[in-house]
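*Asks:* Construct all of the structure, not just a fragment, from the sequences and the given hints.
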Amino acid sequence: MSEMEPDVRAVQAAEGLPAQAGPPERRLGESLHFALRNPKLLIGGGVVGALLLTGLVAPLFVQEGPNVYVGPQAQAPSAQYWLGTTNFGQDVFAQFVFGLRSTFLVGLVGGGIAAVVGMVVGFTAGYRGGLVDEVLNMITNVVLVLPALVVLIIAAAYLQARGIALQGLFIGLTSWPWVARAVRAQTLSLATRDFVDLARLSGRRAHSIVFREIAPNMSSYLFMTFILLFGGAILIAAGLDFIGLGPTEGVSLGLMMHNAVTWGALQLGMWWWFVPPGLGITAIVGSLYIMNVGLDEVFNPKLREL
Amino acid sequence: MLDLRQVTKTYRVGAFGGERLHAVRGVDLAVAPGEVVSLIGESGSGKSTIGKMVLRLIAPSAGAITFEGRDVAAVRGHRATKEYYRRVQGVFQDPFSCFNPVFTADRVFGLIRAEYHRSASAAAWRARVEEALATVRLDPAQVMGKYPHQLSGGQLQRLLIARALLLDIRMLVADEIISMLDASTRIDVLNLLGDLKARGLGILFITHDLSLGNYISDTAVILRRGRVVEKGPTGEVFAAPAHPYTRRLLSSVPQLHTTWEQADAALRAGGERACPGCARGGQPGAHGPVELAPGHHVGCFTAQD
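Residue numbers (our numbering), protein chains in the order written: chain A, 694 to 999; chain B, -15 to 289.
Calculated from the structure, these hints are not laboratory results.
Note that CB positions come from ideal geometry on N, CA and C, so glycine has one too.
Accuracy of the hints is not assured; some may be wrong.
[As the list claims (entries may be wrong)] For each label pair, taking beta carbons as the anchor points, the in silico distance ranges come out as:
no., chain 1, residue 1, chain 2, residue 2, range
1, A, Leu824, B, Glu275, 35 to 45 Å
2, B, Ser163, A, Leu746, 52 to 62 Å
3, B, Asp78, A, Phe904, 22 to 32 Å
[Said to hold, decoys possible] Sample of chain B residues with no beta-carbon within 12 Å of chain A, all distances over it, derived:
no., residue
4, Ser27
5, Ala46
6, Asp55
7, Ala111
8, Gly138
9, Arg183
10, Asn198
11, Ala223
12, Tyr229
13, Leu234
14, Asp248
15, Ala253
16, Cys262
*Replies:* The following block contains the structure:
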């Protein structure tokens, strides 16, 4: 096989075939090739990566907790307190890096749960069809028309102690329906292809047909779905936090903005209190969306800028 | 070996499923070991549906399909299904859609190995695949490790046949397997089917091409709108077609030395015949097939939707 490869490549070059035609490792290499040359993906990934790293590493260097009253009150940024302090003397920088961490956690938990639920429901409905499809589709539509934010507000108000993971769980359980619908539609179309019948004739079980025949055909789509869900979960969490239904323990970027507004940071001109968290959320979600466009170009040859 | 008795497939259609589409209606046919049965019919005549019902990809609405004396509908559960597919395999019409585009084409062999020959050593398996490829006259170096879009329709079609040969099949459902092939490969594949037949396989050969049906089959079954209009030994059906539909079908094959006008004239000269079933006192449109000669059955001429 190995001695054959050069002429395969020569034939491809001669016929102008895309390099995508090669074996899996070359295909992966090709995706990587375009990924490393895609400015949208690089910039988006760079910003998200930098913020993630900050959220992971920086809290290790903060001696006190984020809500501890460490210094003078309402101080503008200085060499000691990089992002200043709050009305109560809390270090904004410490709050910001801890908030970053919980923002990523909410995105991961919320986006992850929504992706898993949406995919399982979508694949099952699309592949099984019949009554199963009817029932799952009905459930999907019901959840879809539920005013998710209202449900979240009620749930958040009802629960006494709320952690960040619980918030993520609620967000995940309400934001999956569009994924289920999209995956179901894709599965319906892929399941009529003959290779699915052929896999059945090869004695494959239903779940391995779904996950090993159908899902690989939409892997890039599933990946991008997760990124969108991740960004969406962060935005919903920020919204909930801002209206005061955020986690009761810990700190998050939305909660910081909520506190800033509650304690009159706007009127007092304490820009360092609300600008960093707002900018952080915008940067994360915006970069994720830009990354998504870049990934679309990497996976879809038709969108590549040559 | 394979027996279909009064097999029917009805679909619900229309906005509220209130209407019925009869894809296959009361089809009787049998395939014996070493026999090639052609299912001949125009598009929408239900021939592929019959093939899919035999392969258990679609469940019949009524009637029974038995394979080697066992009801196919009673094959349930993963293990029994797998055993059934060890014996009965199919090759589909469109080779381009039979391969998963994100994997290499030889993955179809990998699936068979993963499900049926788990214990085979890599070398033994390789030898077996190469033997199957040799049977379909493919060069392993040309097809292994390639993606489906790098191979031609004919190569893919033969890969699918080779795949079926990796199992010890007794029955092959060949659904329009020739239609994608060019003339030279076409004869190769037909000869291959001939070899398989000599090995004692039963073959259900689904085609819309009359000449192919004539070339290869022992028994011809002519389908129209889901109904068997005529069936019998191929030579007899083609030499002495009884049903008006069969006669029109045969006269519509373009011939080198005959123009359409001549063909039409010859058809008219034959004259309209009376339905033999109705002549024997059957209820028009409702009586079953009648036997004209040993094994040569013809359905009612007046049967409508």
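*Asks:* Each hint: holds or not?
*Replies:* Here is what the structure says about each hint:
Take Leu824 (chain A) and Glu275 (chain B): their Cβ atoms lie about 44 Å apart, and the range 35 to 45 Å holds. In this structure the hint that Ser163 (chain B) and Leu746 (chain A) lie 52 to 62 Å apart at CB holds, the actual value being about 58 Å. For the pair Asp78 (chain B) and Phe904 (chain A), the beta carbons lie near 24 Å from each other, so the given range of 22 to 32 Å is met. No beta-carbon of chain A comes within 12 Å of the beta-carbon of Ser27 (chain B); the shortest separation is about 17 Å.
Every C-beta of chain A lies more than 12 Å from that of Ala46 (chain B), the closest at about 19 Å, which supports listing it as non-interface. Every CB of chain A lies more than 12 Å from the CB of Asp55 (chain B), the least distance being 19 Å, so the non-interface label holds. Here Ala111 (chain B) stays apart from chain A, with its beta-carbon at least about 16 Å from theirs, past the 12 Å limit. The Cβ of Gly138 (chain B) lies farther than 12 Å from every Cβ of chain A, with a closest approach of about 16 Å, so its non-interface assignment holds.
Interface exclusion of Arg183 (chain B) from chain A stands, the closest Cβ pair being 20 Å apart, more than 12 Å. Every Cβ of chain A is farther than 12 Å from the Cβ of Asn198 (chain B); the closest lies at roughly 27 Å, confirming the non-interface assignment. Here Ala223 (chain B) stays apart from chain A, with its beta-carbon at least about 36 Å from theirs, past the 12 Å limit. Distance check for Tyr229 (chain B) against chain A: the nearest CB is about 30 Å away, which clears 12 Å, and the non-interface claim stands.
Every C-beta of chain A lies more than 12 Å from that of Leu234 (chain B), the closest at about 31 Å, which supports listing it as non-interface. With a least CB separation of 39 Å from chain A, Asp248 (chain B) remains clear of the 12 Å interface cut-off, as annotated. The beta carbon of Ala253 (chain B) sits about 45 Å from the closest Cβ of chain A, which is more than 12 Å, so the claim that it is off the interface holds. Once the 12 Å rule is applied to beta carbons, Cys262 (chain B) is consistent with being away from chain A; the minimum gap is 41 Å.
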